[in-house]
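Undergrad: Chain by chain, the residues run as shown.
2 protein chains.
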Amino acid sequence: MLTYKAPLRDMKFLINDVFDFQTHYKDLDNGSNADPETVDMILQGMADFSENVLAPLYKKADAEGCHFDNGEVTTPEGFKEAYDQFIEGGWHGISYPEEYGGMNLPMSLNLIKAEMIGTANWPWSMYPGLSTGCINTLMQYGDETQKNTYLPKLIEGTWAGTMCLTEPQCGTDLGQVKSKAVPQDDGSYQLSGTKIFISSGEHDLTENIVHIVLARLPDAPEGTRGISLFIVPKFLPDAQGEIGERNGVTCGSIEHKMGISSSATCVLNFDAATAYLIGEPNKGLKAMFTFMNTARIGTGIEGLAHTELSFQNALPYAKERRSMRALSGTKDPDKAADAIIHHADVRRMLLTQKAFAEGGRSMIYHAARYADKMAQGITRGDDAEFEKWDDKLGFYTPIIKGFLTELGIEAAKHGQQIYGGHGYIKEWGMELIARDARIATLYEGTTGVQALDLLGRKVILQSRGKIIRDYTSSIMKWCGEYALDKDMRKFVWALTKLCAEWNTLTVRLMLMARKDREIISAASDDFLMYSGYVMMGYHWARMAAVAYDKLENGGTESPEFYTAKTQTAEFYFDKILPRTSGHAESMVAPSESMTAMDIDSFAFLD
Amino acid sequence: MLTYKAPLRDMKFLINDVFDFQTHYKDLDNGSNADPETVDMILQGMADFSENVLAPLYKKADAEGCHFDNGEVTTPEGFKEAYDQFIEGGWHGISYPEEYGGMNLPMSLNLIKAEMIGTANWPWSMYPGLSTGCINTLMQYGDETQKNTYLPKLIEGTWAGTMCLTEPQCGTDLGQVKSKAVPQDDGSYQLSGTKIFISSGEHDLTENIVHIVLARLPDAPEGTRGISLFIVPKFLPDAQGEIGERNGVTCGSIEHKMGISSSATCVLNFDAATAYLIGEPNKGLKAMFTFMNTARIGTGIEGLAHTELSFQNALPYAKERRSMRALSGTKDPDKAADAIIHHADVRRMLLTQKAFAEGGRSMIYHAARYADKMAQGITRGDDAEFEKWDDKLGFYTPIIKGFLTELGIEAAKHGQQIYGGHGYIKEWGMELIARDARIATLYEGTTGVQALDLLGRKVILQSRGKIIRDYTSSIMKWCGEYALDKDMRKFVWALTKLCAEWNTLTVRLMLMARKDREIISAASDDFLMYSGYVMMGYHWARMAAVAYDKLENGGTESPEFYTAKTQTAEFYFDKILPRTSGHAESMVAPSESMTAMDIDSFAFLD
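Each protein sequence line maps, in turn, to chains A and B.
FYI, the numbering for the first sequence is 874 to 1479, going by this note's numbering.
FYI, the numbering for the second sequence is 874 to 1479, going by this note's numbering.
Hint data in this document are derived by calculation from the structure and do not stem from the laboratory.
No experiment lies behind these values; they were computed from the predicted model shown.
Take the hints with a grain of salt, since some may be wrong.
Keeping only pairs whose Cα atoms sit at most 27 Å apart, straight-line, the calculated DSSO-like set for lysine-lysine is [stated by the list, open to error]: (1) A:Lys1331 with B:Lys1204; (2) B:Lys1363 with B:Lys1331; (3) A:Lys1208 with B:Lys1053; (4) A:Lys1388 with B:Lys1363; (5) A:Lys1204 with B:Lys1051; (6) A:Lys1192 with B:Lys1208; (7) B:Lys1363 with A:Lys1208; (8) B:Lys1020 with A:Lys1053; (9) A:Lys1208 with A:Lys1331; (10) B:Lys1020 with A:Lys1208; (11) A:Lys1359 with B:Lys1388; (12) A:Lys1370 with A:Lys1299; (13) A:Lys1208 with B:Lys899; (14) A:Lys1204 with A:Lys1192; (15) B:Lys1159 with A:Lys1299; (16) B:Lys1299 with A:Lys1204; (17) B:Lys1363 with A:Lys1363.
Taking beta-carbon pairs under 10 Å as the criterion, some of the chain A residues facing chain B (in silico) [claimed, not checked]: (18) Pro970; (19) Phe1108; (20) Gly1152; (21) Pro1154; (22) Asn1155; (23) Leu1158; (24) Ile1214; (25) Val1219; (26) Arg1221; (27) Leu1223; (28) Tyr1292; (29) Ser1397; (30) Lys1448; (31) Ser1464.
Here are a few chain B residues that face chain A, going by a calculated C-beta distance under 8 Å [to be verified]: (32) Val1055; (33) Asp1059; (34) Lys1227; (35) Trp1366; (36) Glu1458.
Glycine included, C-beta positions come from ideal geometry on N, C-alpha and C.
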């Protein structure tokens, strides 16, 4: 029963009205490729494909799941046909260089594309999505031979890629990786070990799968300083670059999961598999972390995707389902009851979804512009430029990943709630969105990992709070321009107050951390969520400013669209932003509230 | 992999130390039956049964689900054997009168029992649970013949019962019920219609199923004033009171759901089924609502159950799983990494679960004492006494149901989060708890329904705020006793401040509602959650007071237990109670933030 329509109107509002992507593209080497006609073509093409090919497959594929038989994985009915259509249209490699067969469009268009295919059918979108991680690694760290061997196949999509990090004993703590790679006389390695939770680790969509694998060299130092990065193709490329001999990597089983059941999550067994080192020995983890930002923003998009899909499917139900009369008086007198959209509490849930979706999209589009610059650093081979923009992106990454995926779970829950009991029944599909949304705060670093990355690493360790000072001062500067504007006043004063508080809290936590290191972990989740709500508030204020401007200066065909923006901004400031208060109070509680309890005192069950 | 141990130590803390149930039982007609030995026997018996019979069936039964074949429903393997063992032990009817075969114990012991069987295996516990609803209806509204015919079978458990309210077009808004009952010459009725979402509507556990059905008489007024209540047994009782002729009610299908898959959720088709009127014509909805409190507290227990089960299974994993080093310094130097329980953020999640479970249990045990008095009113046939205690219970009901089930969802989410990626994998079972917990905010009235019941009905309409004034004044009086106590000071001052705020907010909302009726709906969810957090805070303060007293006055064998209570109370006040701030700010936002948007402006997708 689930349907999807790409929210092109909202996307164009951000691309044209809020962020003016055309001006931004002028600064990019490949920006001229992204002229308005091309952007429209990408938007419309991906909207059509997502709405008509991917969305109809989504729910049926969940019921079917992936099939595992003796090492082979078959994806659900229709997945292969959709994938073929996708790569035949050249959609897979739009943001990669032409020399490897791409369209050389800015990375931002790839992220915009990712939202559409991901909202229509998240599990399907993970197959091309994982390849992106593999391509990025090779783009940045592969040598010329490796690039020429793998990138054209990966970019056209006839080969797929994976990222093999997790092992049974470790996920986040990759210093515990045990997989071994033993050097061979021909310069290759023999890699052995077991990797788990490998998304797209085995499937029937492509003729070959290129695994990027973390493993240790025999003489590697212990811990994180002894991890190297390898390419392990399922089929070794032959002299012509086509698939040759089968390599020693096999899928041992696939996981049975709460959701995303049509995305194959594989146990991969590497048994003296032929492997090729990428980048420098023992520097694998650093390499892995440099494009972690992109991967995590990709997962942040999942939060947006499930929010949007749940909203789109809750809205028509709220207009059709009738129950009771509105407290403010009968709305549909000729019907047995009013549509539930007339109840303020139902509107609260719908508007929460709407505010999260449109606010989250704005945050992602903003970050996408940094991703464009970062990708340009890679394409140019300019490490300094790459690092400059990667650093800037690094502030947004944990917020977009950690915060938006948490909101995705909440939004999917509201969607079920609006359906009442029907929200729990498979037939309607709202429960599928909730099950699929649930993974997003677990993989690519849990919310706890994002929170610690934000507060511990980016805010305190790397910048001593400067990153918050800089960001809030840019918000306050923007606010200053609207301080006397009658429409914007309420937003900018609320934001200004929050900016001051955000700085105070940061300083307070830094001072506390001098004596109490554990406060960083204790406060991190509250700090992450607080940061997310304020950042989203800034985006809503900016969108409101644009909308008021459009409304006041006329010339717009759809005043309703802009009015809805200002109303959603008001809703966000009235009903969502107050959540910052609780997080602010809670984050400065001493870590002792958490650390005092003896391990054996958590439960007395004997 | 899921295990369950009944938290008997915590239960006895509430029964003996906090609430002194023995003194309370002295006031009850049937209280002398609940001597300490009997209470222990019930606790231990239900703990053994829950731990050893029910818990091992839980996860396997979810994978198997219920089977539907041509109108017949087969429950998962082991369910029937467990049910037989349960009723042979006489556990089903412990709180019902001896004249109908029960043990005539106070209702509170039935609720304590319900927590244990529900935590071990919620879907299984729904079969006897639904019977309870049917028994309560007959106890209060059945005539002597009806009672004598049905109660002995229902109380021994050889027959089961259901509640048939929902129809395809309506759940909450029962005024839209269409099922018809036509009077027959013999005083019976012929009932026709379709009921959906009927838990335990058909199954193989009992030889008969007694449906309590809402339907309309031919001359009934429209809406809620035209609903009557009927008994429709699956098999009509014969002259000897044993099962006779098959009645015209059949199961059309069972629902495929997100969770509780081993609880049969049925579509029931009534086709001129023989039905017997219970109570007065057209007064069915009132009858249904009088024991709604009991049913809703039963569902509130689900929030507690899933919180407890998730906590019990997250805790050992947090002690075993190793990742990174604690920020405050290495804790397990001889291991590759520290156990994750050493990270403050992981402790935050565990302590949140613990605080919700133990705080929720305290709230339920408190309400259980009112339920004892209410049940006594029914047994005595004293309507005034019943109503007095039902009214008192009515304040706690929406909070226990609405708030604790929301916490159950959050707690189950934390449990998954502590497991990282493994929290998403079926093998571990944490995702099952999350899927099962999800239903609790949807059935027996959604959270929105509870919120409106609390703020609109109980606080504003029925009491003009008095119910909050009374409750907060009792808290403040209690706080006054501890105002100078060095341990308790921080708790009681925080609570006192919140009590003042709670009253102010209530008055503000009442004033706003004079001009803006929709504010009641707009504010209701925030008001419900705010009320829940303050109420739970009061319970934590009371538990802390008892614990400090035990610690200071010695004579206790387990100071660790009481120390953990005070530490959990501190955690609750430091890290959970601040959530009230956001709800307080948000609830007084004008309803216009929600009502202003035009229905057609929620989305622009064309």
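Undergrad: Quickly compare the C-alpha distance for A:Lys1204 and A:Lys1192 to 27 Å and report which way the hint goes.
TA: holds, 12 Å
Undergrad: Does A:Ile1214 pass the interface hint, meaning its C-beta sits closer than 10 Å to a C-beta of chain B?
TA: Result: holds, 6 Å to nearest chain B Cβ.
Undergrad: Holds or violated: B:Lys1020 with A:Lys1053, Cα cutoff 27 Å?
TA: With a Cα-Cα distance of about 73 Å, the restraint between B:Lys1020 and A:Lys1053 is violated, given a limit of 27 Å.
Undergrad: Under the criterion that the straight-line Cα-Cα distance not exceed 27 Å, is the pair B:Lys1363, A:Lys1208 satisfied?
TA: violated, 54 Å
Undergrad: Less than 10 Å between beta-carbons is the criterion; does A:Ser1397 satisfy it with respect to chain B?
TA: Since the shortest Cβ distance to chain B is 6 Å, the answer is holds.
Undergrad: Would the hint linking A:Lys1208 and B:Lys899 be met if the CA-CA limit is 27 Å?
TA: Judged against 27 Å, a Cα distance of about 54 Å means the pair is violated.
Undergrad: Does A:Lys1208 lie within 27 Å of B:Lys1020 when you go C-alpha to C-alpha?
TA: Answer violated: B:Lys1020 to A:Lys1208 is near 40 Å, above 27 Å.
Undergrad: Does B:Lys1363 pair with B:Lys1331 here, judged by a C-alpha cut-off of 27 Å?
TA: violated, 31 Å
Undergrad: Let me know if the C-beta of B:Trp1366 comes in closer than 8 Å to any C-beta of chain A, holds or violated.
TA: violated, 15 Å
Undergrad: So, as I understand it, the hint says B:Val1055 touches chain A; can you test that by seeing if any CB pair is closer than 8 Å?
TA: violated, 22 Å
Undergrad: Decide if the proposed pair is consistent with the structure: A:Lys1208 and A:Lys1331, CA atoms, cutoff 27 Å inclusive.
TA: Roughly 56 Å separates the two Cα atoms, so the pair is violated.
Undergrad: Does the alpha-carbon distance linking A:Lys1208 and B:Lys1053 stay inside the 27 Å limit?
TA: At roughly 20 Å apart (the allowed maximum being 27 Å), B:Lys1053 and A:Lys1208 satisfy the hint.
In terms of the numbered hints stated before, the structure departs from hints 2, 6, 7, 8, 9, 10, 12, 13, 15, 16, 17, 18, 19, 20, 21, 22, 23, 32, 33, 35, listed from lowest to highest.
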